Amino acid sequence: MSDLKLSITVLVSYIIIVLGFANIDEFQERVLDFSPLFFVLLALTVFSELMIVGALIKQGVRMSNYMFIIFWAIVYILLWAFYWKDQIHIQVHIIQFLLVEISAGLSYDVGKRVGQIDNLLDGLTSSTYPNRTRELQSADDVINEELTRSRRYHHTLPILVIGLEKLTRKENYVLDELLWNEILDRLASAKIGGILSNLSRNTDIILRDKDGLFIILCPETEVGGLDVLVGRIAATVQSKLEKKITWGTAVFPEEALTFDELLQTARSRLKTFETDLANENKLSGQLG
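Under this note's numbering, the letters of the sequence shown match residues 1 to 288, in that order.
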C-alpha cells in the first residue's frame, strides 16, 4: 500500500510540475514552447497505461515496462515525422520526447501496483468466502447448454439478477479510505456468493457480471419457487450483512427467447427495484 501511495504521489507531482512550467509565460518565451499536441499525447500516455496495465495484470498477462516505453517512443517519432516535421525546434522535440517517456514509466508503475492490489483483493475474498460463482463473460457454453435443454424439453428457465444495497459512502476520501471501501465491497460480494451457493440447488448456475451483479439460472423452476428463493436470500443477507438486496427476474420462454433478452428484462426490473428502494430510504430519512 505504501508503494502504491508513493507511486501515485510521484506521478501526480510530476504532472503538476510539467503543467506548471508550461503555464509560465517567461518559461515558454525564453526556454521551451510546448506543442498543444504534446499535452494530448502526455494525457493519452498516462490514462491509457493506468487502464491497460492494471487490466493486463488482472488477467495474468505480464508485459515489461520497456514494451510501453518503446511503443510511446514509436508514437512520438511518427508524430514528429508526419505531423510536426519542421514546426518545432529540435531541443523542444528532445525534451518533449523525454517527458513522454518518463510519463510512460511512471504510469506503468502505478498501473502495475493497482493491478497487483486488485489481484490481492480477489484472492483475499475468494479464500475468505469460497463459493461456486462463475464469471458471466466466461460462461457462454453453460448458458447456451441450459437454453438448448430448455427448448428441447419445453421447460421454463427463470433467471434471477441480484444486487446489494449500496454501502454508505463519504463525500471525500483519502486513498486509505478508498482501498478500505473496495475491500468491504469485495468481501460483501464474496459473502453473498457464498450465501447464494448455500441456498440455491446444485443444478442452479450462479454467475457474476462485471458490475458485481449476481445472475442465477434456475432450470425447471416455477415462478413461485423463485419467489421463495428470493425471500430466503433476502432474509439471510439481512441477517448476516444487515443489508437489503435488490433483484429482478425474467422467465424463458414466456418473457424472452434469448439470454441477452432475459438479462435485459431482469436488469430493468432490478433498476426499478433500486429506484423504489432509494425513494423509500429517502422518505424514511425525511420522516426520521
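None of these hints come from the bench; they were simulated from the model. Please note: incorrect hints may appear among the correct ones.
Unchecked claim - If you anchor each label on the Cβ, the simulated ranges turn out as follows: (1) F47 to I77: 20 to 28 Å; (2) I77 to Q264: 40 to 48 Å; (3) G224 to N119: 38 to 46 Å; (4) K282 to F71: 15 to 23 Å; (5) M67 to R232: 26 to 34 Å; (6) Q264 to P36: 38 to 46 Å; (7) A55 to I94: 29 to 37 Å; (8) G231 to V75: 53 to 61 Å.
Unchecked claim - Derived PhoX-like pairs (lysine-lysine); straight-line CA-CA distance at most 20 Å: (9) K210 to K240; (10) K191 to K244; (11) K282 to K271; (12) K240 to K282; (13) K244 to K282; (14) K271 to K244.
Remember, it's a predicted structure, so these values are computed and weren't measured experimentally. Backbone N, C-alpha and C fix where the C-beta goes; we use that ideal spot for every residue, glycine too.
Quick rundown of the hints versus the structure:
1. F47 to I77: 20 to 28 Å: Holds: the Cβ-Cβ distance is about 21 Å, inside 20 to 28 Å.
2. I77 to Q264: 40 to 48 Å: Holds - the Cβ-Cβ distance for I77 and Q264, about 46 Å, lies within 40 to 48 Å.
3. G224 to N119: 38 to 46 Å: 42 Å, holds
4. K282 to F71: 15 to 23 Å: 49 Å, violated
5. M67 to R232: 26 to 34 Å: 50 Å, violated
6. Q264 to P36: 38 to 46 Å: Holds, at about 43 Å.
7. A55 to I94: 29 to 37 Å: Holds, since A55 and I94 (Cβ atoms, about 32 Å apart) stay within the stated range.
8. G231 to V75: 53 to 61 Å: Hint holds: Cβ distance 56 Å, inside 53 to 61 Å.
9. K210 to K240: 24 Å, violated
10. K191 to K244: Satisfied, since the Cα-Cα distance of roughly 14 Å is no more than 20 Å.
11. K282 to K271: 16 Å, holds
12. K240 to K282: 24 Å, violated
13. K244 to K282: The hint holds at about 15 Å.
14. K271 to K244: Since the Cα atoms of K271 and K244 sit roughly 14 Å apart, the hinted pair holds (cutoff 20 Å).
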